[in-house]
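Position chain B relative to chain A; hints supplied.
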Amino acid sequence: DIQVTQSPSSLSASVGDRITITCRASQSISSYLNWYQQKPGKAPKLLIYAASSLQSGVPSRFSGSGSGTDFTLSISSLQPEDISAYYCQQSYSTPFTFGPGTKVDIK
Amino acid sequence: EVQLLESGGGFVHPGGSLRLSCAASGFTFTNYAMSWVRQAPGKGLEWVASISGGDGNTFYADSVKGRFSISRDNSKNTLYLQMNSLRAADTAVYYCAKDRVVRGVMGAFDYWGQGTLVTVSS
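Residue numbers (the working numbering), protein chains in the order written: chain A, -16 to 90; chain B, 150 to 271.
One chain only, chain A, in its complex shape (with noise of 0.2 angstroms):
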């Protein structure tokens, strides 16, 4: 099985600051990574598919990148409304497997 790792577990940065959360697979998975948003008691929302593409509806302010094993996601100017659980997800083979997550707040 590929693991998925993410780091950091959990950050705090200013509102407008830019951040960085990097994933890494035990294996090249080619740009088969997604990144999802989810907000306490409410169900994930996907933000980038394969690495780097921005779903529809979502905000230019996220964007990603990478390929092979290292992955990140960046938020250009944090927003209030962007606290929220962060998790990657590898798309390569099943089992489809996610980071632990990244909790982010503001400061």
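In short, the hints are calculated from the structure, not lab data.
Remember, it's a predicted structure, so these values are computed and weren't measured experimentally.
Ideal Cβ placement from N, Cα and C applies to all residues, glycine included.
Treat the hints with care, as some may be off.
List time: in silico DSS-like cross-link candidates among lysine-lysine, alpha-carbon distance up to 25 angstroms [what the hints assert, rightly or not]:
1. K192/B to K90/A
2. K192/B to K86/A
3. K28/A to K86/A
4. K22/A to K90/A
5. K192/B to K22/A
6. K86/A to K25/A
To give an idea of the interface, some chain B residues facing chain A are shown, with a C-beta separation under 7 angstroms as derived from the structure [said to hold, decoys possible]:
7. G253
8. A257
9. W261
Coordinates of chain B only, in the frame set by chain A:
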């Protein structure tokens, strides 16, 4: 508008069974793979199972293989998860999720239901 509505969750004793349903609308159900993803209280996301759209190929996490069965009724636009031999570790909110593209099981989930809670306890 795509909508996914889960039902069937509840309280069950260890060793018991439950069947979850997910009613889909707003898209051509038969064209898309569908999946179940769960989240234990306070924990992260765990993929459970997927089923392809047309031919109904199924895939399972090792943690549920042999105990859970995913199926679909394309005539009713409904996804199911039959859960047998339930354990305390299966306690979670169960989400159904739609694959993003018209193809086999690709694993990028663009729409999710609101979730249904399954509690397994003695």
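Going down the list of hints, with the structure as the test:
no., hint, result
1, K192/B to K90/A, "holds (23 angstroms)"
2, K192/B to K86/A, "holds (12 angstroms)"
3, K28/A to K86/A, "holds (15 angstroms)"
4, K22/A to K90/A, "holds (17 angstroms)"
5, K192/B to K22/A, "holds (13 angstroms)"
6, K86/A to K25/A, "holds (14 angstroms)"
7, G253, "violated (11 angstroms)"
8, A257, "holds (4 angstroms)"
9, W261, "holds (4 angstroms)"
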